[in-house]
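Could you put the whole structure together from the sequences, leaning on the hints where they help?
There are 2 protein chains.
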Amino acid sequence: MKIEEAIKQKKFKDPYNKALVNMLYTNSYIVSHQGKLFKPYGLSPEQYNVLRILRGMHPEPVTVSTIQDRMLNKMSNASRLVEKLKQKELVRRSECPTDRRQVDITITEEGLKMLAELEEQVNQFNRQILQLDEQELDRLNDLLDKLRG
Amino acid sequence: MKIEEAIKQKKFKDPYNKALVNMLYTNSYIVSHQGKLFKPYGLSPEQYNVLRILRGMHPEPVTVSTIQDRMLNKMSNASRLVEKLKQKELVRRSECPTDRRQVDITITEEGLKMLAELEEQVNQFNRQILQLDEQELDRLNDLLDKLRG
DNA sequence: TTACAATAATTGTCTATACATATAATAGGT
DNA sequence: ACCTATTATATGTATAGACAATTATTGTAA
Numbered sequence: 042m043k044i045e046e047a048i049k050q051k052k053f054k055d056p057y058n059k060a061l062v063n064m065l066y067t068n069s070y071i072v073s074h075q076g077k078l079f080k081p082y083g084l085s086p087e088q089y090n091v092l093r094i095l096r097g098m099h100p101e102p103v104t105v106s107t108i109q110d111r112m113l114n115k116m117s118n119a120s121r122l123v124e125k126l127k128q129k130e131l132v133r134r135s136e137c138p139t140d141r142r143q144v145d146i147t148i149t150e151e152g153l154k155m156l157a158e159l160e161e162q163v164n165q166f167n168r169q170i171l172q173l174d175e176q177e178l179d180r181l182n183d184l185l186d187k188l189r190g
Numbered sequence: 042m043k044i045e046e047a048i049k050q051k052k053f054k055d056p057y058n059k060a061l062v063n064m065l066y067t068n069s070y071i072v073s074h075q076g077k078l079f080k081p082y083g084l085s086p087e088q089y090n091v092l093r094i095l096r097g098m099h100p101e102p103v104t105v106s107t108i109q110d111r112m113l114n115k116m117s118n119a120s121r122l123v124e125k126l127k128q129k130e131l132v133r134r135s136e137c138p139t140d141r142r143q144v145d146i147t148i149t150e151e152g153l154k155m156l157a158e159l160e161e162q163v164n165q166f167n168r169q170i171l172q173l174d175e176q177e178l179d180r181l182n183d184l185l186d187k188l189r190g
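So the sequences go chain by chain: P and V. With the numbering used here applied, the first sequence corresponds to residues 42 to 190, in that order. With the numbering used here applied, the second sequence corresponds to residues 42 to 190, in that order.
Read the hints as simulated data drawn from the structure, not as lab findings. Because the structure is a prediction, the values reported are computed rather than measured.
All copies of an identical chain are treated as equivalent in the list; a pair is satisfied when it fits inside any one copy or across any two copies.
DSS-like cross-link-like pairs, simulated, lysine-lysine; straight-line CA separation at most 30 angstroms:
no.: 1; residue 1: Lys154; residue 2: Lys125
no.: 2; residue 1: Lys187; residue 2: Lys115
no.: 3; residue 1: Lys49; residue 2: Lys187
no.: 4; residue 1: Lys80; residue 2: Lys187
no.: 5; residue 1: Lys52; residue 2: Lys154
no.: 6; residue 1: Lys52; residue 2: Lys115
no.: 7; residue 1: Lys125; residue 2: Lys52
no.: 8; residue 1: Lys187; residue 2: Lys52
no.: 9; residue 1: Lys125; residue 2: Lys115
no.: 10; residue 1: Lys80; residue 2: Lys54
no.: 11; residue 1: Lys127; residue 2: Lys77
no.: 12; residue 1: Lys54; residue 2: Lys187
no.: 13; residue 1: Lys115; residue 2: Lys77
no.: 14; residue 1: Lys125; residue 2: Lys54
no.: 15; residue 1: Lys127; residue 2: Lys49
no.: 16; residue 1: Lys52; residue 2: Lys129
no.: 17; residue 1: Lys127; residue 2: Lys154
no.: 18; residue 1: Lys125; residue 2: Lys77
no.: 19; residue 1: Lys49; residue 2: Lys129
no.: 20; residue 1: Lys129; residue 2: Lys77
no.: 21; residue 1: Lys43; residue 2: Lys187
no.: 22; residue 1: Lys129; residue 2: Lys80
no.: 23; residue 1: Lys127; residue 2: Lys52
no.: 24; residue 1: Lys80; residue 2: Lys51
no.: 25; residue 1: Lys154; residue 2: Lys129
no.: 26; residue 1: Lys80; residue 2: Lys52
no.: 27; residue 1: Lys154; residue 2: Lys115
no.: 28; residue 1: Lys127; residue 2: Lys80
no.: 29; residue 1: Lys77; residue 2: Lys154
Have a look at this one:
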């Protein structure tokens with residue numbers, strides 16, 4: 042469906058405005074569906090992302106600031122997300138031996154198990170939610186990379 | 042900057058995963074900059090969007106559910122956003138004469154004035170934040186429209 | 001070594017999203 | 001007219017995003 046129909050706006054000021062609106066709308070479309078996928082597991086999309094980051098380094102621990110660096114949303118609060126994951130026993134925190142300011146975060150076995158359970162569903166979801174073929178995905182990735190300058 | 046560098050992830054499972062991550066990351070990039078633009082005016086991006094919707098219909102009033110329909114984020118809470126705008130006297134609420142369940146929302150003169158002040162800044166912002174030429178913007182719009190199926 | 005700047009993480013506050021539920025008014029069928 | 005379903009809006013609650021401020025620790029330079 043064209044963005045004009047989706048938000049019932051016939052005209053846009055210029056292609057810049059249209060593309061910006063289209064980005065925001067499409068993101069909201071993706072995120073709202075994604076939320077439903079993770080909900081049965083009691084995870085938010087950002088919590089899932091943090092688990093992915095931790096698994097990528099496992100069994101090495103990762104500091105909170107490194108998590109922050111790699112998060113999709115740089116402004117979100119890694120400290121609090123980690124706290125939520127810890128309450129669910131999906132991650133472990135320990136004082137960093139070389140720098141007492143830092144906190145080492147490690148994914149637990151339960152965390153890894155949850156990711157494994159989600160793996161196939163997430164792959165299917167990605168294919169379903171993005172109705173593009175591989176060539177179009179490549180073009181989209183290029184355009185987004187260029188968009189950010 | 043390529044998405045791989047931006048979030049320091051060397052590889053992605055497949056192009057679907059990469060495009061999804063790229064969408065989320067790029068959206069976050071846009072929204073965080075957009076927030077700074079509106080902040081001096083005490084508006085959030087969604088509040089701005091609601092004002093735009095109301096201006097589009099002015100001087101006709103618009104019901105809360107119509108606003109909801111046209112919002113970029115369909116899951117957000119139009120009722121509360123309108124309440125915030127009313128506190129700033131940027132919109133007016135009045136009972137709909139033909140259906141007492143509905144509430145007619147109209148943008149005030151102050152609301153129109155604020156939009157007018159923002160107009161040029163927003164246009165410049167859109168051009169700055171999207172580092173693409175017009176042909177690329179068209180392609181991006183097409184891909185996003187197709188993406189949503 | 002002491003003083004000050006820089007860094008890592010946490011906490012507080014406001015706004016917004018997501019979603020469930022509540023309240024009130026209207027529409028439709030009998 | 002009456003009952004019920006639907007619709008429009010509002011409200012409650014949990015999570016998250018944006019951003020300022022705080023605390024604790026480390027680095028650095030006089």
